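**Q** Take a look at the letters that make up each chain.
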Amino acid sequence: QVQLVQSGAEVKKPGASVKVSCKASAYTFTAYYMHWVRQAPGQGLEWMGRINPNSGDTYSAQKFQDRVTMTRDTSISAAYMELSSLRSDDTAVYYCARGGASGTTFIDYWGQGTLVTVSS
Amino acid sequence: QSALTQPASVSGSPGQSITISCTGTSSDVGGYDYVSWYQQHPGKAPKLMIYAVNNRPSGVSNRFSGSKSGNTASLTVSGLQAEDEADYYCTSYTSSSTLLFGGGTQLTVL
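For the protein sequence lines, the chains are E and S, in the order given.
All residue numbers for the first sequence refer to this note's numbering, where the first residue is 117 and numbers rise by one.
All residue numbers for the second sequence refer to this note's numbering, where the first residue is 8 and numbers rise by one.
Mixed in with the good hints, there may be bad ones.
Stated by the list, open to error - No farther apart than 30 Å at their CA atoms in a straight line, the calculated lysine-lysine pairs in the DSBU-like style are these:
{"hint": "1", "chain 1": "E", "residue 1": "K129", "chain 2": "E", "residue 2": "K139"}
{"hint": "2", "chain 1": "S", "residue 1": "K54", "chain 2": "E", "residue 2": "K179"}
{"hint": "3", "chain 1": "E", "residue 1": "K128", "chain 2": "S", "residue 2": "K51"}
{"hint": "4", "chain 1": "E", "residue 1": "K179", "chain 2": "E", "residue 2": "K135"}
{"hint": "5", "chain 1": "E", "residue 1": "K179", "chain 2": "E", "residue 2": "K139"}
{"hint": "6", "chain 1": "E", "residue 1": "K179", "chain 2": "S", "residue 2": "K51"}
{"hint": "7", "chain 1": "S", "residue 1": "K54", "chain 2": "E", "residue 2": "K135"}
{"hint": "8", "chain 1": "E", "residue 1": "K179", "chain 2": "E", "residue 2": "K129"}
{"hint": "9", "chain 1": "S", "residue 1": "K51", "chain 2": "S", "residue 2": "K75"}
{"hint": "10", "chain 1": "S", "residue 1": "K51", "chain 2": "E", "residue 2": "K139"}
{"hint": "11", "chain 1": "E", "residue 1": "K129", "chain 2": "S", "residue 2": "K75"}
{"hint": "12", "chain 1": "E", "residue 1": "K139", "chain 2": "E", "residue 2": "K128"}
{"hint": "13", "chain 1": "S", "residue 1": "K54", "chain 2": "S", "residue 2": "K75"}
{"hint": "14", "chain 1": "E", "residue 1": "K128", "chain 2": "S", "residue 2": "K75"}
{"hint": "15", "chain 1": "E", "residue 1": "K128", "chain 2": "E", "residue 2": "K179"}
{"hint": "16", "chain 1": "S", "residue 1": "K75", "chain 2": "E", "residue 2": "K135"}
{"hint": "17", "chain 1": "E", "residue 1": "K139", "chain 2": "S", "residue 2": "K75"}
{"hint": "18", "chain 1": "S", "residue 1": "K75", "chain 2": "E", "residue 2": "K179"}
Stated by the list, open to error - Partial chain E-side listing against chain S, Cβ under 7 Å, derived:
{"hint": "19", "residue": "F145"}
{"hint": "20", "residue": "F180"}
{"hint": "21", "residue": "G216"}
{"hint": "22", "residue": "G219"}
Stated by the list, open to error - Chain S side only, calculated, beta carbon under 8 Å to chain E, not exhaustive:
{"hint": "23", "residue": "Y41"}
{"hint": "24", "residue": "P49"}
{"hint": "25", "residue": "A52"}
{"hint": "26", "residue": "L55"}
{"hint": "27", "residue": "P64"}
{"hint": "28", "residue": "F71"}
{"hint": "29", "residue": "Y96"}
{"hint": "30", "residue": "Y100"}
{"hint": "31", "residue": "S102"}
{"hint": "32", "residue": "S104"}
{"hint": "33", "residue": "T105"}
{"hint": "34", "residue": "F108"}
{"hint": "35", "residue": "G110"}
{"hint": "36", "residue": "G111"}
{"hint": "37", "residue": "L114"}
{"hint": "38", "residue": "L117"}
These aren't lab readings, by the way, just hints derived from the structure by calculation.
None of the values given here were measured: they were computed from a predicted structure.
The beta-carbon is built from N, C-alpha and C at its ideal position, and this holds for glycine as well.
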């Protein structure tokens, strides 16, 4: 069974950075894109970007292009998302999510989510 | 890009059918057959229910079906059950090579 296990909750101050990890298992890590999606408290889902674990190529939503860095470590089947210059409105649950068979057009499996709280 | 437009809430009685709409533009919903739907229970991660407009992943009940006409996609849940009560989100691939989500619809089973 495909599993995506994310790192634990974080509390950060405004202006800091946060790095969320996502460890994949039960499938070939390099064969499927990894997406990152966030959900602010009581709000909807927002797509942040994706990484091709095979090549390392990334593509992010324009809103996050200057602040998000997505990386991967194929030796341990892990993906990472770092968000910098945090603001209070970055408080959200951050999900890693595997791209479906087509890679970029839908998501089929989700991690459990990582709550990031930005507060002074 | 603005979120795809979904009704904030829909409701139905057990056994009835409901339909949730998802309206976009020709740059997303109308331009590609890449609409997917997700179910999210409170405090849980989303779950894929429909992909590529009308395809169900293995294990998803055939009470869930999807369709699309022009710039509007729809999710129909037939034979409503108490366990179907959740938030539902549509998403579409876009001409910018991104994924765009709808604002979400809260389904209440009366």
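**Q** Hints first: check each against the structure and report whether it holds.
**A** For each hint, the structure was consulted:
Pair hint K129 (chain E) plus K139 (chain E) holds up; C-alpha atoms about 26 Å apart against a cutoff of 30 Å. The straight-line distance between the Cα atoms of K54 (chain S) and K179 (chain E) is roughly 25 Å, inside the 30 Å bound, and the hint therefore holds. Using a Cα cut-off of 30 Å, the hinted pair K128 (chain E) and K51 (chain S) holds, with the two alpha carbons roughly 23 Å apart. A hinted pair counts as satisfied when its Cα atoms are at most 30 Å apart, and K179 (chain E) with K135 (chain E) qualifies at roughly 18 Å.
Distance check on the hinted pair: K179 (chain E) and K139 (chain E) sit about 26 Å apart at the alpha-carbon level, within 30 Å; holds. Only pairs whose Cα atoms come within 30 Å are accepted, and K179 (chain E) paired with K51 (chain S) is accepted, the gap being roughly 25 Å. A hinted pair counts as satisfied when its Cα atoms are at most 30 Å apart, and K54 (chain S) with K135 (chain E) qualifies at roughly 24 Å. Between K179 (chain E) and K129 (chain E) the alpha-carbon distance is near 21 Å, which keeps this suggested pair within the 30 Å criterion.
A distance of roughly 27 Å separates the Cα atoms of K51 (chain S) and K75 (chain S); the hinted pair therefore holds under the 30 Å criterion. Annotation: proposed proximity of K51 (chain S) to K139 (chain E) holds, straight-line Cα distance about 18 Å (limit 30 Å). In summary, the hint linking K129 (chain E) to K75 (chain S) is not supported, as the alpha carbons are separated by about 44 Å, beyond the 30 Å threshold. Pair hint K139 (chain E) plus K128 (chain E) holds up; C-alpha atoms about 22 Å apart against a cutoff of 30 Å.
In summary, the hint linking K54 (chain S) to K75 (chain S) is supported, as the alpha carbons are separated by about 20 Å, within the 30 Å threshold. As the CA atoms of K128 (chain E) and K75 (chain S) are separated by approximately 42 Å, the hinted pair breaks the 30 Å bound. For a cut-off of 30 Å, the pair hint linking K128 (chain E) to K179 (chain E) stands: about 20 Å separates their Cα positions. With a C-alpha separation of about 38 Å, the suggested pair K75 (chain S) and K135 (chain E) falls outside the 30 Å cut-off, and the hint is violated.
Between K139 (chain E) and K75 (chain S), the direct Cα distance comes to roughly 35 Å. Violation of the 30 Å bound is thereby established for this hinted pair. In summary, the hint linking K75 (chain S) to K179 (chain E) is supported, as the alpha carbons are separated by about 28 Å, within the 30 Å threshold. With 7 Å as the threshold, the beta carbon of F145 (chain E) stays out of range of chain S, its nearest partner Cβ sitting at about 19 Å, so the hint is violated. Look at F180 (chain E): its Cβ only gets to about 11 Å from chain S, farther than 7 Å, so that hint breaks.
Among the interface hints, the one on G216 (chain E) holds; its C-beta lies about 6 Å from the nearest C-beta in chain S, closer than the 7 Å criterion. Proximity of G219 (chain E) to chain S is violated relative to the hint, the smallest CB-CB distance being about 10 Å (cut-off 7 Å). Proximity of Y41 (chain S) to chain E holds as hinted, the smallest CB-CB distance being about 4 Å (cut-off 8 Å). Violation of the interface hint for P49 (chain S) is found here, the shortest Cβ-Cβ separation to chain E being roughly 11 Å, above the 8 Å cut-off.
The restraint placing A52 (chain S) at the interface with chain E holds, with a minimum CB-CB distance near 4 Å, inside the 8 Å limit. Residue-level restraint check for L55 (chain S) holds (minimum Cβ-Cβ distance to chain E is 5 Å; threshold 8 Å). Annotation: P64 (chain S) was flagged as interfacial toward chain E, and the flag holds, the nearest CB pair being 7 Å apart, inside 8 Å. Given hint, F71 (chain S) at the interface with chain E, is violated; its Cβ is 15 Å from that chain's nearest Cβ, farther than 8 Å.
The criterion of a C-beta within 8 Å of any C-beta in chain E is met by Y96 (chain S), whose closest approach is roughly 5 Å, and the hint holds. Satisfaction of the interface hint for Y100 (chain S) is found here, the shortest Cβ-Cβ separation to chain E being roughly 4 Å, below the 8 Å cut-off. About 12 Å separates the beta-carbon of S102 (chain S) from the nearest beta-carbon of chain E, more than 8 Å, and the hint is not met. With its C-beta approaching chain E no nearer than about 6 Å, S104 (chain S) sits inside the 8 Å limit, and its interface hint holds.
At its closest, the beta carbon of T105 (chain S) sits 6 Å from a beta carbon of chain E; the interface hint therefore holds under the 8 Å criterion. With a cut of 8 Å, the hint placing F108 (chain S) at the interface with chain E holds, because the nearest CB-to-CB distance is about 4 Å. Residue-level restraint check for G110 (chain S) holds (minimum Cβ-Cβ distance to chain E is 5 Å; threshold 8 Å). Restraint check, G111 (chain S) versus chain E: the minimum CB separation of about 4 Å is within 8 Å; hint holds.
About 14 Å separates the beta-carbon of L114 (chain S) from the nearest beta-carbon of chain E, more than 8 Å, and the hint is not met. The interface hint given for L117 (chain S) is broken, as the beta carbon of that residue sits about 23 Å from the closest beta carbon of chain E, more than 8 Å.
Figure legend: structure checked against the earlier numbered hints; hints not met, in rising order: 11, 14, 16, 17, 19, 20, 22, 24, 28, 31, 37 and 38.
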